[in-house]
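Participant: All chains should be built: construct the whole structure from the sequences, respecting the hints.
This is what each chain is made of:
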Amino acid sequence: MDKILRIDMGAEGGPRATETKLGAYTGLGGRAMTSGIVSKEVPPLCHPLGEDNKLVIAPGLLGGTTAAMSGRLSVGCKSPLTGGIKEANSGGQPAQVLARLGYAAIVLEGKPKDSTLYKILINKDGVKITPADELKGLGNYDLIDKMKSLYGDKVACISIGPAGEMKLSAASIACTDIEMRPTRHAGRGGVGAVMGSKGVKVIVLDDAGMKMRSPKDPEKFKAAAKQFVEGLRKHPVTGQGLPAYGTNVLTNVINEAGAYPTHNFMWGRFEGCSAISGETQAETETARGGLATHGCHRGCVIKCSGTYVNKDGHYLTKQPEYETVWAHGGNCGISDLDAIAMLDRMDDDFGLDTIEMGATIGVAMEAGLAKFGDADAAINLLKEVGNGTPLGRILGNGAAFTGKAFGVERVPVVKGQAMPAYDPRGIQGMGVTYATSTMGADHTAGYAVMTNIFKVGGFVDPLTPEGQVELSRNLQITTAFIDSSGMCLFIAFAISDQPETFQTFLDMLNAFYGLSLTADGVTALGKSVLKKERQFNLDAGLSAEHDRLPAFFKKETLPPHNITFMVKDQDLDTVFNW
Amino acid sequence: MPVQVFLNATLRKRVKSYDAAGGLSISLSRPVTVAGLCDMLRIPKGEIKLIMIDGRAASLENELKGNERVGLFPPVGGG
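For the record, the sequence lines run as chains A and B.
Using this note's numbering, the first residue of the first sequence is number 72, and each one after it goes up by one.
Using this note's numbering, the first residue of the second sequence is number 401, and each one after it goes up by one.
Mixed in with the good hints, there may be bad ones.
Claimed, not checked - With a Cα cut of at most 20 Å, we get these calculated PhoX-like pairs of lysine-lysine:
#1 195/A - 184/A
#2 282/A - 195/A
#3 639/A - 598/A
#4 305/A - 449/B
#5 449/B - 526/A
#6 445/B - 526/A
#7 454/A - 207/A
#8 282/A - 293/A
#9 182/A - 207/A
Hints in this document: simulated from the structure, not taken from any laboratory.
Bear in mind that the values here come from a model prediction, so they are computed numbers and not experimental data.
Facilitator: Following this line, the structure appears as structure tokens:
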């Protein structure tokens, strides 16, 4: 991982690949790498779909090593959805393969001269970029089947569906999983539209003939990696809860807490939640011959995913995540798991962010385009997006765009990006992260739910404004570091509660790179990432006024607790004062 | 009025033919702590990490008078 692959899609005579040394980017990985390159090389005022934007794809610092959980991929650019900097994060196979091919990042640059769509193959022999107009319009599933027939099932793919080709702001970038299905997505912020604007349909990564990356101190690294796995297995969340029920175990938890956004953020509890809970989902999968416990990439020991099969026992989609089940479920008044799984499958196939699309359909329902609870109508609305009809293109540009098009006031977005599955009135710490994150409304940027609800890393009462700014600040800093390491964010449960597991995480990094990183170093690196992202956003025109929740969260009370979002504006402005 | 009790995740296995949609309806003849309720239901207290009474974080020592909604959870996480 000592080089960067740059592909100028607008070069004279066709796309041109060059390899550069890491230079100023030495020592960076994942989000630190993508935000490092974007903040230094992309003009903040550029058009996100224009020639000056860059799409940066980077494995984390531990990508391509034997460390468990190290398969996260960071995708960065200026976001067409938020107008600010973006790092969208995905599981699946590509990060490990890319790292073993020796690349710390792929950077897609420039603007194609015409509408030709390209395919990029990267293997031990180098990089091959070929026109691939025969792939135009293909959904991710058909596309990956074609790649499988051409390159076998041992490769990993990074691709866009029709939504990315149409440059819609809700378009995702798909990453293939262990079974080589396009089920893991860098979902948020319209990164798929930027890949589409570069004219790239698919990147095929083949690491045949390449070796696992080797640590500076193999013995120490091996010992730390082993202890790290033991730490994850020992913690009840990473060792038992997540494997058994997946992330959707949260449906009942967040609903019970009265913070489950229902009918487009109207209420905090959903009466149909039992039918779509993680418990019901796991039972359904097991009874039908699917899988309730499965990893999204090789080397995952938490295995929070699964395989969702239809009533006839045939594969439909991967186990939909909690956020997806909420977005297409309770948020739209839908309590039919099969319909939600179908919507998840369609999102993955068209290449769309499930959170943005669920929130958008919620807004569309509020606008009267469909009735809350009508699963068939939701499926039909999503089909419009895949088909690229004028209505579909409005919806495919997200909740904010749709709200504007249909004159809806209750639109749950920050910086244009839809809120995920936690109402900020019921979990006030989450509201601080939504408001102030450099990413727009993003739960993963500083997951206050952990301490507000799960009592991991202490407890801060979710229903009062006290302590939320400090909680969100510390989580945002730590998260920026974890996102740079290439580790799955779910290690946070174990490393927050178990100091010895946090230490083994550092030991792995230190043994691999010959460093002497301490907890202070983690904080410093996290802060440096956030500082670059904040500066990019300021220069792009996003100021304190954009670090706010929509007005209705301060005016409308949320049942059952009947409270508003109470953290004061001047306190939100102190999140990044450290 | 009875207390409505919702069991979640692995705790459901502790009560035979638990009805996930409706939960359990427990009539109290006198006030009881959450710990006492767990004893009545034969749910090992060590398996419980999160307790919510009417959607608010609570502990084993909190007293139930009747008419409350109680949610019990083992350690959970996700996101």
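Participant: If a hint holds in the structure, say so; if it doesn't, say that too.
Facilitator: Verification of the hints:
1. 195/A - 184/A: violated (29 Å)
2. 282/A - 195/A: holds (10 Å)
3. 639/A - 598/A: violated (23 Å)
4. 305/A - 449/B: holds (15 Å)
5. 449/B - 526/A: holds (8 Å)
6. 445/B - 526/A: holds (16 Å)
7. 454/A - 207/A: Holds - the C-alpha atoms of residue 207/A and residue 454/A are around 18 Å apart, at most 20 Å.
8. 282/A - 293/A: holds (16 Å)
9. 182/A - 207/A: holds (18 Å)
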